[in-house]
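Given only the sequences and the hints, what does the whole structure look like? Please build it.
Number of protein chains: 2
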Amino acid sequence: MPIADACAAWAAALAPDRVSRDANVVAKYGRSTLVEAPQPLAVLRPTCRDEVVAAVKIASQHAVPLYPISRGRNWGLGAACPPTAGQAVLDLSLMNKIVEVNEELAYAVIEPGVTQGQLAEYLDDNEIDLMLDCTGAGRDVSIVGNCLERGDTFGVYADRFLHCSALEVVLPNGDVITTGLGHLDAAATNLYKWGVGPSLDGLFSQSNFGVVTRLTLELMPEPETMSVYFFGVEDEQLEDLIEALRPLRLSGVIHTALHLANDYKALAAMEFYPWDETNGQTPLPESVRRRMRARYPFIQGWIGNSAFYGTHDQVQAQQRELKRALRGITRVQFVTPRKLEWGLRALRVLARTRLPVVDRLGTLVERARTMLTLMAGIPSNNTLLGTQWRLRREPHEESLDPLDNGIGMYWFAPICPLTGEHVRRLQRLIEEISAEYQFEPMLNLTLLTGRAALLTNVVLYDRDDASERERAARCNNALVERGIAAGYPPFRCSIDSFRHLGANDSPYWRFVRQLKRAADPEGVIAPGRYSPWVFHDAS
Amino acid sequence: MPIADACAAWAAALAPDRVSRDANVVAKYGRSTLVEAPQPLAVLRPTCRDEVVAAVKIASQHAVPLYPISRGRNWGLGAACPPTAGQAVLDLSLMNKIVEVNEELAYAVIEPGVTQGQLAEYLDDNEIDLMLDCTGAGRDVSIVGNCLERGDTFGVYADRFLHCSALEVVLPNGDVITTGLGHLDAAATNLYKWGVGPSLDGLFSQSNFGVVTRLTLELMPEPETMSVYFFGVEDEQLEDLIEALRPLRLSGVIHTALHLANDYKALAAMEFYPWDETNGQTPLPESVRRRMRARYPFIQGWIGNSAFYGTHDQVQAQQRELKRALRGITRVQFVTPRKLEWGLRALRVLARTRLPVVDRLGTLVERARTMLTLMAGIPSNNTLLGTQWRLRREPHEESLDPLDNGIGMYWFAPICPLTGEHVRRLQRLIEEISAEYQFEPMLNLTLLTGRAALLTNVVLYDRDDASERERAARCNNALVERGIAAGYPPFRCSIDSFRHLGANDSPYWRFVRQLKRAADPEGVIAPGRYSPWVFHDAS
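If you're matching them up, the sequences are chains R and X in order.
Quick note on our numbering: the first sequence kicks off at 1 and runs consecutively.
Quick note on our numbering: the second sequence kicks off at 1 and runs consecutively.
Sample of chain R residues facing chain X (criterion: CB under 8 Å; computed from the structure): (1) Gly252; (2) Glu321; (3) Tyr508.
Because the hints were derived from the structure by calculation, they are not lab data.
The structure presented is a predicted model; accordingly, all values stated were derived computationally and were not measured.
By construction, the Cβ of each residue, glycine as well, lies at the ideal position given by its N, Cα and C atoms.
Have a look at this one:
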């Protein structure tokens with residue numbers, strides 16, 4: 001059997017305890033928040049690049065493809081599961097070295113196993129005046145994995161793929177290259193993305209052209225000061241809000257990827273789904289939604305937040321501009337680290353009174369503390385709490401990992417022009433499809449740039465309920481299919497949706513397929529990943 | 001003869017008058033600022049994408065490769081000339097449509113023939129509140145060509161390649177694709193670069209994987225206000241200056257690609273080489289250099305300039321930060337459009353007096369006017385005046401195009417870490433090599449990002465002087481070869497230097513070569529372009 005022979009060879013090349021076909025081990029990697037996911041054949045855990053090279057060569061000899069994962073937390077899009085059956089997971093989490101941090105030039109060289117929490121802690125422990133621009137996926141996710149998936153962060157860098165470079169890649173034939181200027185051993189290898197000649201980074205993102213074993217990540221210099229801000233609008237104000245924000249995002253006054261959550265999304269971060277109050281009915285009835293919202297006065301149709309960084313003067317100027325732009329739409333609240341200190345002190349003093357202001361201040365202080373921490377580059381697993389919305393059983397005692405909690409989740413992240421009209425049209429589409437399948441539209445609007453927004457939706461469902469499972473899968477399918485048909489394709493894609501990314505005979509994918517065949521004639525690396533043709537051919 | 005048959009077929013597919021083997025026509029395209037350049041076999045001038053498709057298919061049938069150019073102004077790096085003999089130039093300059101300008105979302109869709117001057121004029125004529133981020137190459141150069149060469153601009157966008165997207169590409173097999181989200185016909189096609197799945201833009205930059213016939217360029221929203229600034233330092237202060245500027249560029253206080261010119265470069269913009277004063281001796285003797293500098297008090301070892309854009313408050317805050325950072329190093333002068341008006345008025349009043357202040361004010365006003373115009377998105381051909389430094393004959397009466405003036409020029413644009421130490425080391429290397437070959441080091445330091453700088457050098461030489469020609473070619477070769485050996489490869493490369501970009505057996509180029517072969521098995525598009533292996537194979 002090829003897999004048995006391959007595993008024997010891998011065990012000899014790595015170490016017996018880092019190659020496994022054990023059903024329990026494999027099943028752990030085969031967990032998914034999706035309804036169904038192809039199960040891996042085996043799991044390999046290399047500890048260094050040379051072991052990856054050996055693993056790739058053996059995979060080629062035995063015709064058992066490898067599916068590389070960094071930490072396997074690609075929740076809602078497939079987690080650690082390959083898009084097709086018959087692949088062995090290449091788990092890179094043991095390769096978790098922070099190879100270098102350069103404070104002067106503000107970057108870190110890291111391996112795929114390095115997590116957000118690990119890097120943030122490293123910077124803190126070593127008193128390095130640099131900060132990580134975080135995603136909302138918590139402390140235990142891979143940074144490299146997110147870079148290669150072209151994920152988005154909360155802060156100034158926003159676009160992770162853009163802020164990484166010098167990818168060290170093990171190619172399907174076992175060759176090792178470094179992209180950008182790396183192959184020329186340039187002094188600026190870690191400082192300039194494109195290199196000279198054709199630039200290859202794009203080819204190694206959202207793809208299967210090689211195994212990335214190291215890259216350089218830009219870090220933000222710690223600003224002189226920062227200020228987080230909050231505001232809310234009712235849903236009918238959304239277009240006006242977007243039209244007011246776009247010029248600021250375009251001109252750079254808003255210099256981060258500002259996030260806006262709709263009320264469902266905000267409620268999910270505060271409470272579980274009210275199964276009792278609704279008698280088990282889904283989606284959330286309007287009356288219950290209103291009652292829940294009344295419990296959290298700060299939750300409106302949409303609540304937005306982000307931060308300004310810079311010198312005192314700059315932040316002041318930015319605050320004034322934002323206030324001015326939103327005048328007549330809503331009021332913005334700003335909190336600096338210093339103001340938070342005052343709030344905490346005031347809260348301690350007032351805590352003994354029963355003044356109603358205490359509650360409101362308490363909520364604001366808590367929100368401000370969470371945001372200030374996150375926007376200062378300290379990721380938190382609390383951002384994962386919202387995934388438990390539809391959970392009916394007891395949550396895991398220690399872990400907020402959706403996989404440990406058996407959470408059903410599909411993440412759909414369509415990209416759309418940053419105009420009120422487009423965002424509204426896409427919102428209506430997602431709401432309509434969600435209602436058809438009895439899910440709440442859990443929306444997050446991200447001002448990725450001044451031109452393009454993400455309007456991400458999460459379908460949260462009960463994996464133990466057969467009817468919910470079936471509806472969730474169909475809902476996700478409808479979202480991706482109808483989203484693309486309406487002009488709003490996802491900017492990242494779940495492993496069961498690649499076929500929607502294009503027809504088999506499109507010149508575009510024909511070209512990509514030619515390149516893939518040239519780079520990986522035997523299909524050794526992650527067959528099917530972002531490769532629609534594989535699924536058309538199979539059907 | 002393949003070329004005769006190909007030309008006949010091209011003439012039938014395009015129009016007889018847009019295909020030429022006429023010696024005069026071909027020679028015009030074969031002009032170069034380099035000492036030698038391979039001459040094209042013929043010239044084709046398609047007017048639309050479909051003609052490009054036809055031209056590519058015919059090229060394939062007759063095995064005559066095509067070398068696509070946009071306007072052919074790649075001065076100092078090869079202009080319109082292919083890197084190897086036997087290619088026909090595919091001149092896209094007749095494809096010069098501004099397809100769309102979207103004011104709301106701040107972009108333009110343009111064809112390869114669109115020049116900087118044309119787009120700037122279009123925006124002005126149509127009173128569109130958007131501006132072009134210009135390069136210093138003047139009005140008649142292609143924007144698309146510069147995007148694909150990954151050129152750098154003066155302003156906030158700095159990196160042209162990053163700010164273009166949705167490349168429409170005619171592939172070597174005649175297929176047409178649009179990169180990014182274009183192949184999915186997404187609403188955000190012109191608004192988001194990476195697309196979904198492997199991102200291909202990088203593959204079509206500095207390369208030969210297809211013919212780009214259209215792309216989307218981001219334009220800057222007109223700022224509320226702007227302010228240009230100037231400063232100078234002596235050469236021994238360069239390290240201190242860089243160390244002071246880096247934190248500002250990293251944090252975004254300096255949000256443009258600030259430029260610094262050394263004194264030679266600044267002098268070349270003011271005067272011709274003083275052949276009389278030096279009795280024809282080169283390089284410029286130190287005594288003459290000092291005398292010339294005395295004529296321009298604003299010229300120091302290095303003079304820097306750039307601009308701030310934003311609201312009044314923001315620009316004020318940025319100005320304060322820059323002043324503060326350079327305190328103890330130098331004084332910065334700021335000029336807003338309003339201040340320029342005052343200056344012009346004062347100049348008119350004072351002009352009749354003979355006060356010495358008039359001259360100094362006059363120079364400042366002129367510099368300010370030039371910079372304000374350029375930084376407001378209006379390119380000027382005056383930036384090309386400096387190329388005439390070593391010219392001995394009369395300049396062309398109307399054209400500043402270096403080719404029309406028979407100028408000899410090699411442009412070397414190495415990339416280096418933005419630290420005083422690295423910039424100094426690279427400067428010394430360039431100075432040393434320049435002196436060896438009797439040229440002045442004409443340096444321009446560009447703060448491309450907060451991490452990486454370009455230290456570009458121009459070798460200007462007399463094409464009519466056999467000894468100068470020989471020295472210039474050897475000087476360029478030494479710069480590229482020793483630059484790369486020292487860790488400072490160029491970020492763009494001249495057609496006669498591709499062989500320096502890597503060994504034939506390097507895994508990196510082996511991989512690129514595999515991809516190229518898959519995309520273009522017959523080598524129809526621009527063989528040799530950024531393909532070191534072609535030159536190793538030939539030798």
